[in-house]
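K.L.:
All chains, please: the whole structure from these sequences, using the hints.
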Amino acid sequence: MYDFSGQVVLVTGAASGIGRASAERFFAEGASVVLADRNLEGVQSVARELGQDERLHCLGFDAIDRASCIDMVNDALGHFGRLDVLCNIAGIAGGWRLEDMPPADWQRMIDINLNSLFHITQAAIPALVESRGNVINMSSASGKQGQPYGTCYCASKAGVIGFSKAVAAEFASRGVRSNAICPGGVKTPIYDNYTFPENAEMALIDRMRSLPGFGEAEVSDITAMILFLASSEARFVTGVAFDVDGGQLAL
Amino acid sequence: MANSLPTGRAAYDFNGLKVLVTGGTAGIGLATAQYFADAGATVTITGTREAPQQYSDEDLGRFDYRQLSLLSRDSIDALCASVDALDVLVNNAGGTGGAQTPYAFEESVQVNLNAVWQLCQGLLPRLHEASAPCGASIVNVASEMSLYASPWFPGYGAAKAAVVQLTKTLAAQHGAAGLRCNAVLPGSIPTRMTRSFADDEAIHDAVCQRTPQQRWGDPAEIASAVLFLASAEASFVNGHTLVVDGGYSITDA
Numbered sequence: 001m002y003d004f005s006g007q008v009v010l011v012t013g014a015a016s017g018i019g020r021a022s023a024e025r026f027f028a029e030g031a032s033v034v035l036a037d038r039n040l041e042g043v044q045s046v047a048r049e050l051g052q053d054e055r056l057h058c059l060g061f062d063a064i065d066r067a068s069c070i071d072m073v074n075d076a077l078g079h080f081g082r083l084d085v086l087c088n089i090a091g092i093a094g095g096w097r098l099e100d101m102p103p104a105d106w107q108r109m110i111d112i113n114l115n116s117l118f119h120i121t122q123a124a125i126p127a128l129v130e131s132r133g134n135v136i137n138m139s140s141a142s143g144k145q146g147q148p149y150g151t152c153y154c155a156s157k158a159g160v161i162g163f164s165k166a167v168a169a170e171f172a173s174r175g176v177r178s179n180a181i182c183p184g185g186v187k188t189p190i191y192d193n194y195t196f197p198e199n200a201e202m203a204l205i206d207r208m209r210s211l212p213g214f215g216e217a218e219v220s221d222i223t224a225m226i227l228f229l230a231s232s233e234a235r236f237v238t239g240v241a242f243d244v245d246g247g248q249l250a251l
Numbered sequence: 252m253a254n255s256l257p258t259g260r261a262a263y264d265f266n267g268l269k270v271l272v273t274g275g276t277a278g279i280g281l282a283t284a285q286y287f288a289d290a291g292a293t294v295t296i297t298g299t300r301e302a303p304q305q306y307s308d309e310d311l312g313r314f315d316y317r318q319l320s321l322l323s324r325d326s327i328d329a330l331c332a333s334v335d336a337l338d339v340l341v342n343n344a345g346g347t348g349g350a351q352t353p354y355a356f357e358e359s360v361q362v363n364l365n366a367v368w369q370l371c372q373g374l375l376p377r378l379h380e381a382s383a384p385c386g387a388s389i390v391n392v393a394s395e396m397s398l399y400a401s402p403w404f405p406g407y408g409a410a411k412a413a414v415v416q417l418t419k420t421l422a423a424q425h426g427a428a429g430l431r432c433n434a435v436l437p438g439s440i441p442t443r444m445t446r447s448f449a450d451d452e453a454i455h456d457a458v459c460q461r462t463p464q465q466r467w468g469d470p471a472e473i474a475s476a477v478l479f480l481a482s483a484e485a486s487f488v489n490g491h492t493l494v495v496d497g498g499y500s501i502t503d504a
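Chains A and B, in that order, give the protein sequences. Start counting the first sequence at 1; every next residue gets the next number (the numbering used here). Start counting the second sequence at 252; every next residue gets the next number (the numbering used here).
Please keep in mind that the hints were generated in silico from the structure rather than gathered at the bench. Since the model is a prediction, treat every value here as computed from it, not as a measurement. Honestly, I wouldn't trust all of these hints.
[Stated by the list, open to error] Stretch-level coverage of chain A by chain B, calculated; a stretch enters the list once three of its residues show a Cβ under 8 angstroms from a Cβ in chain B:
1) 62-70
2) 236-249
[Claimed, not checked] Below 27 angstroms or equal to it, Euclidean Cα-Cα: the simulated DSS-like pairs (lysine-lysine) are:
3) Lys419(B) x Lys144(A)
4) Lys419(B) x Lys187(A)
5) Lys187(A) x Lys144(A)
Where a beta carbon is used, it is the ideal one built from N, C-alpha and C, also for glycine.
P.N.:
So, in structure tokens, the structure goes:
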């Protein structure tokens with residue numbers, strides 16, 4: 001229902017979940033798509049399922065490593081020669097009791113969920129200015145809402161919103177839009193594999209799970225929002241953190 | 252400043268659906284009604300004048316037209332009673348009363364808040380009967396003054412802020428029954444309501460300067476957001492207020 005033909009979209013975290021579904025939908029709507037993920041075999045398998053079209057390009061990279069992020073973007077730009085939409089979707093999740101969280105786990109999550117957006121967007125921004133393109137950053141309802149055992153995840157996702165708005169403010173005059181999306185729990189591997197600490201207080205978790213819409217979103221609900229924000233339908237929308245949570249944040 | 256991507260409009264399919272846009276004779280309401288009609292919907296618009304021909308500047312012939320005064324409970328009730336089927340309600344009508352003749356506080360709250368509630372209340376039975384594939388929904392039009400103070404329109408600002416919260420309340424109330432309620436929050440858009448500001452060079456330029464995208468928006472850009480929220484693409488979006496303001500609200504002057 002959109003026409004993204006002639007446009008190039010870079011999707012990180014494209015081997016599974018929201019990233020994979022977004023890459024598939026952009027491809028279906030005519031775009032050329034760079035599928036980037038730590039799991040190169042994973043994105044290659046996605047590309048095979050999509051018929052190995054020349055509009056697809058697979059790249060492996062490690063979001064924890066600045067050099068790897070920059071190399072990935074440069075490879076993508078070299079391959080298709082332009083970039084119209086950058087989807088920063090790669091991320092990890094997990095819960096720890098604050099008292100017990102090892103600093104190395106904190107650092108790893110912040111590196112992947114937040115710092116990689118800096119490395120990737122910094123490398124991609126000249127191409128986005130050239131195409132008057134836009135950035136979509138994956139935040140979370142956790143970026144707006146305190147969640148038990150989510151000190152690091154919530155902090156990283158709140159950071160994504162701030163980063164996204166600042167990019168919007170800094171680059172609007174050069175024609176680049178930047179928006180964030182805040183899903184409630186979505187049925188993806190991240191959600192299925194989310195671990196709470198062993199001695200978690202279940203009452204706290206049950207309270208969160210009882211919110212309307214929690215964990216009920218399908219990936220297609222999120223990709224629909226991504227495509228809208230990426231399209232010219234949203235050409236006056238920038239700096240927004242869009243809730244897709246079935247009403248979770250309304251209460 | 253031109254800021255369009257090389258993509259065309261989205262191909263929404265609202266065929267067979269019934270849409271009511273209050274205040275559809277000009278500006279954001281008209282752009283929204285046109286976009287819904289282009290996407291196949293049967294669209295009813297309202298205006299304060301008796302007949303659509305009294306709006307000489309636009310051809311409103313493709314829409315079903317009803318007279319509606321948001322100041323009159325009787326008028327609101329009569330409209331609701333005359334609607335026999337509805338899939339999408341767009342509460343767009345409202346206003347400040349004009350820069351020269353602003354509504355009194357109570358009038359402004361009636362027009363911009365109470366009327367929205369009264370229309371929702373009156374039309375909820377029709378919306379709950381709807382069998383639209385995208386699910387029935389309400390889209391309310393909020394305002395920059397939901398977020399920011401204007402020294403001139405205290406009633407308008409208070410009412411528009413309340414519309415954001417009413418949107419969340421309706422979302423929480425009716426989500427379980429499959430009815431969604433969202434809002435759009437337009438930035439500065441040149442319309443009949445804002446013309447005296449848009450035409451004032453100093454105000455026009457001040458808005459551009461404060462807006463990261465450095466321009467006023469277009470009614471069609473708000474219509475885009477309304478159609479997205481009403482469509483199946485937004486089937487899990489509920490209680491959200493979508494800000495469409497070229498980035499105005501992220502800056503702090």
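K.L.:
Find the hints from earlier in the document that the structure breaks and name them by number, from lowest to highest.
P.N.:
When the structure is compared with the hints, only number 1 turns out to be violated.
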